[in-house]
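Trainee: Produce the entire structure from the sequences given, and follow the hints as far as they go.
Chains as they are written, first to last, in this note's numbering: chain A, 64 to 491; chain B, 335 to 575; chain C, 46 to 374; chain D, 11 to 299.
Just to be clear, a hint being listed does not mean it is correct.
Pairwise CB distance ranges, derived in the manner of DEER restraints [to be verified]:
#, chain 1, residue 1, chain 2, residue 2, range
1, C, Gly215, A, Thr140, 53 to 59 Å
2, C, Ser195, A, Ile379, 44 to 50 Å
3, C, Val63, D, Leu68, 55 to 61 Å
4, B, Glu459, C, Val146, 58 to 64 Å
5, C, Arg229, A, Val443, 53 to 59 Å
6, C, Arg229, B, Arg346, 55 to 61 Å
7, C, Leu329, A, Phe474, 46 to 52 Å
8, C, Ile67, D, Leu68, 53 to 59 Å
9, C, Ser195, A, Pro334, 41 to 47 Å
10, C, Val63, B, Lys504, 57 to 63 Å
11, B, Gly398, D, Thr191, 44 to 50 Å
12, C, Leu350, D, Lys175, 55 to 61 Å
In short, the hints are calculated from the structure, not lab data.
Glycine included, every Cβ here is placed at the ideal spot set by N, Cα and C.
What follows is the residue order along each chain.
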Amino acid sequence: MKSKMSCLTMVALMCAIGILNFGTVSYAQDKVIKVGGELPLSGPTAPTGALNKRGMDLAVDIINNKYPGLTLPFAETEGIPNLGGAKLEIVYVDDRGDPNVALAEVERLIQQEKVVAIIGGWQSSCIKTGSMVAERLKTPYISGAGSSVDLTKRGLRYYFRLIAHSGKVARAYFDSLQAMEKRLGEKYKKVAVAYENTEYGSVCNEQLENEAKNRGYEIIASIPFDSTAISVNVEVQKIKAAKPDVFFQIGYDPDAILFTKTMKKFGCTPPVWYGMAGYLSPKYIPSVGKDGNGVLISGWFHPRFSKPVTQKVGEIYKKRYGKAMNIPVALNFMTPFVIADAINRAGSTDKEAIREALEKTRFTADQNIMPGPGIWFTPVQPPPKHTHDNEGVSMLVLQIIDQKVEVVWPFDGKTAEIIWPHPKWSEK
Amino acid sequence: MKLLEIKNVTKRFGGLFANNRISFDISQGEIIGLVGPNGAGKTTLFNCISGYYPPTSGNILFEGREIKNSPPYKVCARGIARTFQIIENFQKMTVLENMMVGAFKKHKYKGKAFKKALKVSEFIELSDKNFEYASDLSPPEQRRLGLGMALATEPKLLMLDEVMAGLTPKEIDEVLDLLRKVRDSGVTLIVIEHLMRAVMSICERIFVLDYGEKIAEGNPEEIAHDEKVIQAYLGKSYAQG
Amino acid sequence: MNVKKENLIRSSLLVISVFILIYPFLFKAAFYQHIMIMVFMYGLLAVSWDLMGGYANMFSFGHSAFFGIGAYTSTVMLIHWGINPWIGMIVGGCLSGIVGVLISYPTSKLRGHYFAIATLAFLFVTKILLENWRFVGAAQGLSVPMVKESSLLYFQFHGSKIPYYYIMLGLLVLGVVLTKWVIRSRIGYYLRALRESPEVAQSLGINTAKYRLIAIALSAFLAAISGTFYAQYVLYIDPPSAISLHISVQVVLISVFGGTGTINGPLLGTAILIPLINLIGAWLGGAGRGIAFMVFGAVIVVMCLIQPDGLIKYFEGWKLSNRRENEAA
Amino acid sequence: MDATVIIQLFVSGLTVGLLYALVAIGLTLIWGVTDIINFAHGEFLVIAMYFGFFTYSLLGVSSILAMPVAVVFLGVLGWIVYRYVISRVLKSENILSQIVVTFGISVFLQSLFLFLFTGDYRSVDNDPWIKGDVQVGGIFSSTPEVITSILSLVVIFFINLFIKKTYTGKAIIATSLDRETAQLMGINTERMNSITFALGIACLGVGGVVLPITTHVSPYSGFLFAVLAFTIVALGGFGSVVGTILAGVIVGMIQTFGGFFVEPAYKYLCVFVLYLLVLMVRPKGIFGW
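Mentor: The following block contains the structure:
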C-alpha cells in the first residue's frame with residue numbers, strides 16, 4: 064500500500080531532479096576555484112545575511128582584481144598566484160537560519176557544487192550543523208561570525224573561527240568597565256542582564272555571568288526575553304525595580320529599539336548601559352534618534368578604527384554601496400582572504416592540504432581589517448580548550464555619541480572621548 | 335427471575351418530567367411494546383436504560399444488578415443493545431464492517447468477528463449487500479442494518495426505537511417476521527412503536543406512556559379497551575392505523 | 046476491478062519498491078538522499094499524526110511537541126548518562142506517549158477547533174519550558190557528541206548518508222506497518238466507528254475515552270521516534286528547531302493535502318510536498334526567499350477547495366481487491 | 011513591594027490586555043458566526059501594520075491616517091476570502107479542511123510578505139502625531155499605548171452597538187446561536203457570514219495601523235498576536251464580545267503580573283497554563299455558553 068506514495072515520490076523526484084539539474088547548470092570554466100558561502104538569505108535575519116554577502120563579494124573582488132595600495136593579501140595580484148592566478152568564486156546557499164536546512168545546503172555545496180571549502184555563516188546554530196557536515200565530509204569551514212563559545216570547543220579538525228567568541232566579548236566588557244571605573248574612581252557592583260532567549264543570547268549571558276562573578280560583581284537580575292518580542296514592558300519594569308548600576312542588553316535591532324523606547328517610557332537610566340550587536344544595526348540610531356546617545360556597545364569592528372587598511376577598505380566599500388561599512392559586512396569580509404591564502408600556500412585545491420595550510424595561517428595586523436594583531440588559530444586541542452579559534456582578534460568598545468558610533472576603548476585607539484555616566488533621558 | 339426491572343425511574347430536565355416514577359419489569363423472552371404519543375418520554379426511558387442519561391431518581395436493575403449509572407458501553411457489555419430513532423450507522427463503512435464493530439464486543443479477533451457479522455447479515459437478510467457502504471443502502475435496509483449492528487453484540491435484551499418508521503406495509507411485515515425470528519433466537523425485545531397495528535400483532539405486553547407517566551399496562555386486548563389509553567392516544571391512532 | 050489493472054498496479058508497486066530500495070545508489074548526491082530522508086521522516090510524522098487527527102478526530106497542532114520530546118529524550122540520555130540513542134529512542138517514544146495521555150485529560154472534552162487551539166497552547170508550554178530548562182541546554186540547545194568512527198550502535202555515520210537513508214526507511218516501514226496493523230485490528234474499526242458517530246459507537250460497547258487514549262499514545266510514540274532520528278541525523282537540537290509550530294503545521298497541512306484517515310494519504314502528501322519545498326528552496330536559493338512556502342500554502346488552499354478529502358481521493362480505484370477475498374476466506 | 015509598582019503593573023497589564031482584545035474581537039465574531047477559526051488572523055493584522063508603516067515611511071504622515079484605507083482594504087479582502095475560499099470549504103462536511111484552509115492562507119501570506127518586504131523588522135519611530143510618553147504620578151505609559159487602548163474600547167463599543175441595535179447585528183447573533191432557525195426566520199445566513207468575516211477582519215485595520223509605533227512589523231509579527239488571540243477567544247467563549255474583552259484584559263494581567271512576579275521568561279507560559287487549566291473546568295471558556 065505504501066508503495067502508492069512511493070510511486071508519487073518517484074514522479075515528484077524525477078521532475079524535481081529535472082528542475083534541479085536545469086537549475087544549477089555549473090558551466091565548467093577553468094581556473095575558477097569554487098568556495099561555498101553559507102548565509103541566511105531569507106527568514107528573519109535575511110537583511111543581515113545580505114550585508115555579510117556584500118562584504119564577501121567585495122573581498123572576492125579584491126582577491127580577483129588589482130587593488131593597488133591595499134595591504135590585504137592578493138590585493139596587488141589578480142587571483143591566486145600559486146594556482147596560476149586562478150579566480151575565487153563563491154557559490155552562495157541560503158540556510159534560512161534553520162540548522163536543518165544549513166546541514167542539507169552545506170552538504171549540497173560540498174557534494175554537488177564540489178566546493179573546496181565553506182566560508183560564511185551567521186547564526187551559531189546553523190554554523191553548528193554546517194560545520195558538523197563539513198567535518199564529516201572532510202572539508203574546511205571558516206566562519207567569520209558565530210560568537211557562541213562552544214563552536215570551537217568541539218575539537219573539530221576542519222572548522223576555523225575568526226570572530227571573537229562571546230567569552231572574549233564579555234571579557235572586553237568588563238575590562239573596559241574596570242578601566243573606566245579606575246579612571247573615574249567609581250565602583251559599581253550591581254549588574255543586570257537582559258538577553259534574547261536564543262542560542263546567541265543565552266551563551267552571551269552565561270559568559271557575562273561568569274565574568275561578573277570572577278571580578279566580584281553581583282548579578283541582581285538576569286532576564287531572558289523572547290527575541291522579536293512584541294512588548295518588553297514587564298522586562299523593563301523588572302530591571303527598574305532591581306535598580307542596577309550596570310545594565311547589559313543582548314539582542315538584535317528590533318529588541319534594541321524596543322528596549323530603548325521602553326526604558327525611556329519608564330524613565331529608567333542605569334549609570335552604565337552596555338548594548339550588543341543590535342545597537343550597531345544601521346536601523347538603530349535613525350529609529351531612536353538622540354535617545355540612543357550614551358549606550359556603550361561591544362564592537363568587533365569600526366570603519367574609522369585607527370588602522371589604515373581598515374579605513375581604506377571602508378572608503379572602497381562606501382564608494383561602492385554608499386553606506387559606511389558596518390559589523391555584519393565586516394565580520395565575514397576576511398573569510399575569503401583566509402581561505403584564498405590557505406589555498407595559495409597549499410598550492411593545490413586538495414582539502415586536506417588546505418586544512419593543514421589553514422592551521423599555519425598567519426595574518427599580520429595590516430593584512431586584517433579587524434581590530435587586533437592579526438589572524439592565527441589555536442591548534443587542535445581536546446575540549447574544553449578551544450580548537451582553531453582566532454587568537455589574533457581583539458575587541459573594541461564603542462559608544463553612541465551625538466547619534467554617531469565612536470570608538471571609546473581601548474583608549475589608545477579611541478575616536479572620541481567617552482560619555483560617563485549614562486545621561487538622563489532629559490539630558491540626551 | 336426478572337431480566338429487567340425499572341423501579342420508579344424519574345428523569346427531569348429542569349422543570350420538565352420526561353419520565354415520572356415509571357416502574358415495570360420484563361422477563362426473559364418477552365416482546366414488550368412501549369407506546370405513547372410524541373413526547374411521552376419513550377426515547378428518554380431508553381436513554382436512561384442504555385446509560386446515555388443517568389436517571390434523576392429511581393433504579394434500574396438488569397438481571398438483578400444495578401445498571402443505573404453505568405456508561406453506555408458498560409450497559410452494552412452487560413447485554414443490552416439498542417437502535418436509534420433517527421437512522422444511525424457508520425456511513426463510510428461497509429455493511430459487514432458496521433456489524434463487525436458490534437461483533438467485536440464478543441469476538442476480539444477479526445476473523446471471528448467477521449464470521450459473526452456474516453451470520454448476522456445472513457440473519458437480517460442483508461448478505462447480498464455485505465460489501466456496500468452503509469451510505470449506499472436504502473432507508474429500510476439502513477434500519478435493518480441498525481438492527482443487525484445491535485444483534486451483532488449478541489445482546490440478551492434488545493431495545494428498538496421505531497424500527498418501522500416510514501416503511502411500507504409489506505416492509506413492515508418483513509420486519510415483524512424478523513423480530514419474531516429474533517425473539518425465537520432467545521433475545522428479549524422492547525419495541526417503541528407508533529403503529530399500533532404492528533405493536534398489537536407481535537407484543538405480548540404493552541406499556542403506555544403519556545406525559546412521562548405510565549398510564550396503562552397489559553396485553554394488547556386490555557390496552558385496546560383501556561379508557562385512559564383511548565383518551566390519551568389510541569383512538570386517533572387507530573383511526574389512522 | 047479488472048485483472049489488467051490489478052496487474053498494472055502490482056507491477057508498479059513492485060517497480061516502486063525496488064526503486065526506493067536502490068535509490069541511494071541511483072542518486073549518489075547527498076542532497077537527493079537528504080530529500081528522501083526528509084520524506085521518510087516527515088512521512089512517519091504525518092502517519093502518526095493521521096492516527097490521531099485522521100482516525101481519532103483529534104486535530105493536533107502540537108504534534109511537533111512529541112517530535113521534540115523524542116529528540117530531546119534520546120539526546121539528553123546520551124549526553125548526561127551515555128545511554129545509547131537506540132534505547133533513548135524507545136524511552137523517548139514511551140515518554141512522549143505518556144505525555145500524550147496526560148495532555149489528553151484536560152482536552153478530552155474538546156472537539157475540532159477547540160482541541161486544535163488547546164494543542165497549540167500545549168506546544169508553546171513545552172517549548173517555553175525547554176527554552177528555560179538548563180538541564181536540557183535551555184535556549185542553547187544540545188549538540189549530540191560526535192563519535193570518531195561511524196557506528197550503528199551509536200547511530201552516527203560520517204561521510205555517507207546511506208545508513209541514515211535505510212534506517213529512516215526502516216523506521217518508516219515499521220511505523221506504517223504497525224499503524225496499519227492497528228488500523229485493521231479491532232482498535233482501527235473502533236476508531237473509525239468513533240469518528241463516524243461516537244453515540245452509536247458507545248451503544249455498541251465501545252469505551253470512547255479508552256480508544257482515544259490508545260490513539261494518542263501510539264501517535265505520540267511514533268512522532269517521538271522520528272524526533273530521535275532527527276536529533277541523531279542533525280546532531281544538534283534547540284527548541285526552535287525541534288519544537289516549532291512550523292513543523293506541526295507542515296505535518297498537518299501535508300496530511301490534509303494527501304487525505305487524512307487513510308495512512309496512505311499523508312504518505313502521498315509527504316512524498317510530493319517535501320521534495321517540492323526542498324527543491325524550490327535549493328533551486329531558487331537566496332533569490333526565492335519565501336517562494337517555496339508561498340507555493341506550499343497555495344497548494345494547500347487549492348486542495349482544500351477542489352478536493353477536501355485530499356489527493357488520495359483520486360486513487361480510490363487503486364485498491365487491490367484482495368481485501369474482500371481475504372476476509373471472506 | 012510598594013503600591014506604585016502594583017499600579018504600574020496594573021496599567022501595563024490593562025493596556026496590553028485591551029490591545030489583545032482589539033485583535034481578538036474580530037476573531038471571536040468570525041468564530042461565533044461561521045464556526046471557523048481564522049488562523050490567518052495574525053497575517054491580516056500584519057497587513058494592517060504594513061499599511062501603517064508605509065503610510066508613515068513613504069508619505070511621511072502619521073500612520074493613523076492609514077486607518078480608513080486599511081479598514082476598507084481588509085474588509086474587502088475579508089469578504090473576498092470568505093466568498094471564494096471559506097464559503098466553499100464550509101460546504102464540504104470535512105471539518106479538517108475547514109481548519110486547515112486558513113492555515114494555508116496564513117502560510118501563504120507570511121511567505122508573500124517575506125517575498126515582498128523581506129524579513130526586515132520595521133517600526134514607526136517618530137510618528138508626527140502619536141509620540142511621546144505619559145507620566146501620571148509615578149505611573150508611566152506611552153501615548154501610542156494609550157491611543158491603542160482607547161481605539162480598542164471604541165471598536166468594542168461600536169461592535170457591541172452594532173450587534174445590539176442594528177438588524178444585521180441581531181441577525182448575525184441569531185445566526186451564531188442557531189443557523190438553521192435563523193435560516194427559517196428568513197435570515198440570509200450566507201450573507202451574514204460574509205458580513206461577519208469582512209467586519210471581523212476590518213476590525214484589525216483599526217488597531218493594526220498604530221501597532222508599528224509601539225512594537226515593530228515583520229512577516230512574522232502576526233503569529234504571536236494570533237496565538238494569544240486564539241487563547242483569549244477560547245478563554246472568553248466563542249462569539250461572546252464581552253467575554254473577549256474580559257479575557258483579553260485577564261490575559262494582559264496574567265502576562266504582566268506573572269511575568270513580574272514569576273519570571274519574565276514565563277509570562278506567556280502563565281497565560282497558556284491558565285488557559286489549559288480553565289479548559290478542564292469550562293471546555294467552552296469562562297463566558298462560553
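Trainee: So which of those numbered hints doesn't the model satisfy?
Mentor: Hints 4, 6, 9, 12 contradicted; others consistent.
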